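Student: With the hints as a guide, dock the two chains, each given alone in a separate frame, to form the complex.
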Amino acid sequence: MDLIRKNKKYIIIGLLPALLFYLILVIYPIGRSFYYGFFDWNGLGDPNFIGLKNFTEILTDPVFFLSLKNTMFIVVASVFGQLPIGLIIAVILSKKMKGARFFRSAFFMPMIMSTVVVALLWSTILNSQVGIINTLLNNFGLQKFAHDWLGDPKYAMFTVSGVIIWQFVGFYMIIFLAALQNIPEEIMEAASIDGAGEVKKLFLITLPMMWDTIMAAVVLCIAGSMRSFDLVFVMTQGGPAHATEIMATYMYNKTFSIYRYGYGSAVSLTICLISLTFIIASRVIMRKKIEA
Amino acid sequence: MESQNNKIKDKSKSFVHLGKFKKILLYIILGIFGFVALYPLIWMIYTSFKSNNDISISAFALPRKLHFENYLNAWETAKIGVYFFNSAFVSIISIIITILIGSSAAFILSKFEFKLRKFIYTLFIIGMLIPLQSVLVPLFIQMRALHLLDTEWSLILTYTAFGLPVTIFVLESFMRAFPDSIIEAAIMDGSSIPRVFFNIIIPMSRPAIATITILNFLNNWKEFSFALIFITSDIKKTLPLGLYNFLGAYTSDYAGLMAALVISSIPVVIMYLVLQEQIINGMTAGAVKG
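Chains A and B supply the protein sequences, listed in that same order.
Residue numbers for the first sequence follow the working numbering, so the first one is 213 and each next one is one higher.
Residue numbers for the second sequence follow the working numbering, so the first one is 831 and each next one is one higher.
No wet-lab data here; the hints were simulated from the structure.
Incorrect hints may have been included.
With a straight-line Cα cutoff of 30 Å, these simulated DSS-like cross-link-like pairs (lysine-lysine) come out [unchecked claim]:
no.: 1; chain 1: B; residue 1: 852; chain 2: A; residue 2: 308
no.: 2; chain 1: A; residue 1: 221; chain 2: B; residue 2: 948
no.: 3; chain 1: A; residue 1: 221; chain 2: A; residue 2: 307
no.: 4; chain 1: A; residue 1: 220; chain 2: B; residue 2: 1066
no.: 5; chain 1: B; residue 1: 852; chain 2: A; residue 2: 412
no.: 6; chain 1: A; residue 1: 221; chain 2: B; residue 2: 850
no.: 7; chain 1: A; residue 1: 307; chain 2: A; residue 2: 218
no.: 8; chain 1: B; residue 1: 853; chain 2: A; residue 2: 308
no.: 9; chain 1: B; residue 1: 941; chain 2: A; residue 2: 220
no.: 10; chain 1: B; residue 1: 853; chain 2: A; residue 2: 307
no.: 11; chain 1: B; residue 1: 945; chain 2: A; residue 2: 220
no.: 12; chain 1: A; residue 1: 366; chain 2: A; residue 2: 356
no.: 13; chain 1: A; residue 1: 412; chain 2: A; residue 2: 310
no.: 14; chain 1: A; residue 1: 307; chain 2: B; residue 2: 850
no.: 15; chain 1: A; residue 1: 281; chain 2: A; residue 2: 356
no.: 16; chain 1: A; residue 1: 218; chain 2: B; residue 2: 945
no.: 17; chain 1: B; residue 1: 853; chain 2: A; residue 2: 412
no.: 18; chain 1: A; residue 1: 281; chain 2: A; residue 2: 412
no.: 19; chain 1: B; residue 1: 850; chain 2: A; residue 2: 218
no.: 20; chain 1: A; residue 1: 218; chain 2: B; residue 2: 941
no.: 21; chain 1: A; residue 1: 310; chain 2: B; residue 2: 852
no.: 22; chain 1: B; residue 1: 853; chain 2: A; residue 2: 413
Some residues of chain A that are not near chain B, with every Cβ distance over 12 Å (derived) [what the hints assert, rightly or not]:
no.: 23; residue: 226
no.: 24; residue: 410
no.: 25; residue: 473
The model shown is predicted, which means the values in this text are computed figures rather than measured ones.
For each residue, glycine too, the CB sits at the ideal point set by N, CA and C.
Okay, chain B solo, but in the shape it has when bound (with noise of 0.2 Å):
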C-alpha cells in the first residue's frame, strides 16, 4: 500500500510519467517559444560584432570577424558614453532620495498615531494607479515655471516622486510587521527617535530596501517619456532619450545601433543574472496585491 501511494504521488508530481512523445513535444513547443524569446537578443548581440557591410549581405550570419570598433564608434561618437553615465548619474541619486525620504515617510505612516495618517497614505498609495501619459503635459508646464527644464534635476525630482508610491507601499507594510516592543525597548534605554530609525528600524528594512532599490533603479534606468519631454541638450541626455536619437542621426549604422543597445543592457542583465528572484519577485509581487 505505502509503495503504492508513492508511485501515485511520483506520477503526478512530475514529468517522468508523461509518455516518450509528448515529452518531445512538449519540448517543441518550449523550444519554439524560447527561440522566439531569446534569438532576438542573441542576434541582437553578434549582429553588434558584424560590420555594416556583413549585415547587409547576409543578415543572419555569424560575425566573420570581431568589430569591436563598433563599441568604441558607439560610446564616444554617437555619445553613448555619455548618456550612460547621465543615466547612471540621474538614476542613483533619485534612488538615494527615494530612499532617504520614503522610508521615514513609511516608518512615521507605519508606526506614528495622528489624525491624517490614513487619508496621507491613501494619496501615496493612489500614485501606483495614475497613468504616465496623464501626467507628461502636466510635469512639463510644472517643470517650466519651476525652470528646471532641460537640467537633470528636472528627472531627478520627477523620477524621486514617482518612485515614491511603490516605496512607501513596500516598505510601510514591512515595517508595520516590526513588534512596537522593539522601539519601546530602544525608547527606555534612552535612545532618541531618529537613532532608532537608523539605528534599529534601516537595518532592520534591508531587505526590503534592497528590493525597492533594484526596482526603482530599473524604473528610472529605462525611463523615456520624462525624459524626452525634459530634456533638450545633447549632453544631458539619457541612455534611452541618446538611443532614440541614434536612429535619426546614423540612419544606416546597424552596427553601431546594435552596439549602443548592447551597451545600455549590460547594466540591467548584469543585475538580472545576479539577483533574479528578488526581480521577478519584486516586479510580480507588487502588481499581483495592488
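Excised from the complex, chain A in its bound form (with noise of 0.2 Å):
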C-alpha cells in the first residue's frame, strides 16, 4: 500500500494536468509581467529596458493617486455600508420572525446576479430621462434632489458606491446570520432572566459574541471591495473626468485604449502590492484587536 501512494507514476500523472494549466496560466505570466514592468514595450516591437522609469512615472502620475483615492473611498464606502446594514438585517432575521427565509433569499439575490447585469440595470435607474429614481423625486417635488447620478462628477462616486452597496449586503448578511445562529441560548435566557432588555443584550452580548466574525469580514470587505472593476468599468469607464477612475480602470485605461503592456505590467504589479498590503495589514490590526 505505501508503495502505491508513493508511486511516482501516479502522482505525476494525477497532478501534472491541473498543475500545467496553473504554471503557464497563472504563475507563469505574473512573473514575466514583473519582469515587462521594467520596459518600454508597445507590444509588437522588442521591449525596450528603462529600469524603474515606469514605476516612478506611476508614482508621480496625479490620475494614479486620483484612482488610489477613490478605491481606497469604495473599501471605506463598502465596511461602512455593507456591513452596518447586512448586520441590522442579519440582527432582525435571528429572531426567527415570519417570512425570514424569505427575506434571507431576497437579500442575497443581487449576489449571485453578473455585476455586469447589475451595472446595466443600475445604469437605467439612475438614467436622468427614463429612470426611476429622478422620477420618484420629481414627482414627490423633490426636483432639486434629481441629479444626474453618473454624469455629475460630485456624485458618481456616491452612486457608485451606492450600488456596490446593494449587491453585496445579501453576503454579509449571511455570515452575520450564522455567526448569531451559533451564540448559545443559554446566554441570552440568563440574560432575559436577568431583566436585560433587547437593546442592552444586543450591545453586551450578541455583538462582543460575535465580534470574529465582525472582523473577518471586514477584512474580506476590504479584500472584496479593492477587487472591483466590473461594476465600475461598465457604468462609468472612470469617467466623468477620470471622477470614478480606480487602479483597475486606471490599468485598463492605459494599456488596453493606449497599448503600453510595459506600463500596465507595472501598474498591475503596483496594485498587486498596494492591494496585498491592504489585505495583510488589515488581517494583522484585526487579529490584533481580537486578541486586546
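Tutor: Next comes the structure, spelled out in C-alpha cells:
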C-alpha cells in the first residue's frame, strides 16, 4: 500500500494536468509581467529596458493617486455600508420571525447576478430621462434632489458605491446570520432572567460574542472591494473626467486603450502590491484587536 | 418550576414576546430594506415587457400590454441568443476540465506522499488571494503569445486555470477525510489506482463536486474582465460582454436592454431557486475559512 501511495507515475499523471494549466496561465504570466514592468513595450517591437521609469511615472501621475483615493473611497464606503446594514438585517432575521426565510433569499439575490447585469440595470434606474430615481423625486416635488447621478463628478463616486453596497449586503447578512445562530441560547436566557432588554442584550452580549466574525468580515470586505472593476467600468469607465477612476480602470485605460504593455505590467504589479499590503495589514490589525 | 423554565425558554427564543409595536417596527425596517433589494429586480422584469414609448411616458407603470417582441428583438437582433450559447459553451467546457483535472490533483494531494506535496498545495491555494486585475495584462500578453486571442479557448483555458484553486481547496479537504482503509481494501482486491479514483473516490465526493460545479458555473457565467480583453469578434462574445456592448449599439432601447438582462439572469436565478442552500453555503463558507 505504501509503495502505491508513493508511486511516482500516478503522482505525476494525476497532478501534472492541473499543475501545467496553473503554471502556464497563472504563475508564469505573473512572473513575466513582473519582468515587463521594467521595460517600455508597445506589444509589437522589442521591449526596451528602462529600469524603474515606469514605476516613477506611476508614482508621479496625479490620475493614479486619484484612482488610489477613489479605490479607498469604495473600500471605506463598503466597510461602513455593507457591514452595518448586513448586521442590522441579520439581527432582525435571527429573531425567527415569520417570512425570515423569504427575506434571507431576497437579500442574497443580487449576489448571484452578474455584475454587468447589476451595472446596466442600475445605470438605467439612475438614468436622468427614463430612470425611476429621478422620476420618483420629481413626482414628490423634490426636483432639486434629482441629479445626473453618474454624469456629475460630484455624485458619481457616491452613486457607484451605493450600487456596490446594494449588491453585496446579502453576502455579509448571511455570514452574520450564521454567527448569530451560533450564540448559545442559554446565555440569552440568563440575560433575560436578569432583566436585560433587547437593546442591552444586543450591545452587551450579541455583538461582543460575534466580534471575531465581524473582524473577519471587515477583512473580507476590504479585500473584496479592492477588487472591484466590472461595475465601475460598465457604469462609468472611470469617468466623467476621471471622477470615478479606480486603480483597475486606470490600469485598463493605460494598457488596452493606448497599448503600453510595459507600463500596464508595472501598474498591475503596483496594484497587486498595494492590495496585498492592505489585505495583510487589515488581517494583522484585526487579529491584534481580537487578542486585546 | 418546569413550566416556568419553559416559558422563559420560549421567551428568549422567539419573536413572540416582543411587544406588538416593536414587532411592527422590525417588519417595517425589514420591509424597507427588502423593497430596496428586490424592487430593482422586479422593475427590470416588468419593464422588459413594456414598449419604449410606455417607458418614457411613465417609468413606474406596469405594462399596459405584454410586449414579448422585446425578447425576440433582444434574442435575434441584438444577438443575445448567440452570446447566450457562447456563454453556455465556455462555462460548461471549463467546468468539465476544471473538475476532471482538479479532482485528480486533489486526490493526489490528499492521499499520496511526496516531497513537494505541501509546496504544490500552497501554490494552488495562493491563487485564491491574487487580485484579478493584477493578472489581466499578464494573461493578455500570454494569450497573445499562445495565439489564442479572440478565441473561445482563451476563455476556457483561463476559467479552468482560475477555477482550480477553489476546486482543489474544497475537494482536497473533502477527500482527506475519507478513511485510507477504503482505498487499501480496494487495492487488496486488485483494483488499480485509476479504478479506485473513478469508481470509489469520485462517487464518494459527489456532494463536494456538486458545490464546486455550481460555484464555478456562477463565476464563469458572470465573468466579464477576461472576456473584455480577450474577445473582439462579435460572434464570439459571451453574455456579459455582449450586454456591455448593447448599451452602445441600442442606446435608447431600454425595453430591449431589460429583456436582455432578464434572459441572461434566467439560468442563474433558476439555479438559485432550486439549489439555494448549496449556493449560499458554497459562496460564503469558502470565504470565511479562507
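Student: Between residue 853/B and residue 308/A, is the straight-line Cα distance small enough, at 30 Å or below?
Tutor: Between residue 853/B and residue 308/A the Cα gap is close to 12 Å, so the pair holds against 30 Å.
Student: Hey, residue 366/A versus residue 356/A, does the alpha-carbon distance stay inside 30 Å?
Tutor: Holds, at about 15 Å.
Student: Can the restraint linking residue 218/A and residue 945/B be considered satisfied, given a maximum Cα separation of 30 Å?
Tutor: Judged against 30 Å, a Cα distance of about 10 Å means the pair holds.
Student: Hint check: residue 307/A vs residue 850/B, CA-CA at most 30 Å. Holds or violated?
Tutor: This hinted pair holds, its Cα atoms lying about 14 Å apart.
Student: Taking 30 Å as the top limit, are the C-alpha atoms of residue 850/B and residue 218/A close enough?
Tutor: violated (67 Å)
Student: Regarding the pair residue 221/A and residue 948/B, is the alpha-carbon distance no greater than 30 Å?
Tutor: The hint holds at about 19 Å.
Student: A cut-off of 12 Å on Cβ-Cβ distance, and residue 410/A was said to be off the interface with chain B. Does that hold?
Tutor: The assertion about residue 410/A is violated, with a minimum of 7 Å to chain B.
Student: Do the alpha carbons of residue 412/A and residue 310/A lie within 30 Å of each other, as the hint requires?
Tutor: holds (24 Å)
Student: Against the 30 Å threshold, does the CA-CA distance of residue 853/B and residue 307/A hold or violate the hint?
Tutor: holds (10 Å)
Student: When you check the alpha-carbon spacing of residue 281/A and residue 412/A, does it fall within 30 Å?
Tutor: violated (38 Å)
Student: Quick one, are residue 218/A and residue 941/B close enough, alpha carbons at most 30 Å?
Tutor: holds (10 Å)
Student: Regarding the assertion that residue 226/A does not contact chain B, is the least Cβ-Cβ distance greater than 12 Å?
Tutor: violated (4 Å)
Of the hints listed earlier, those the structure fails to meet are numbers 3, 4, 6, 7, 18, 19, 23, 24, 25, in rising order.
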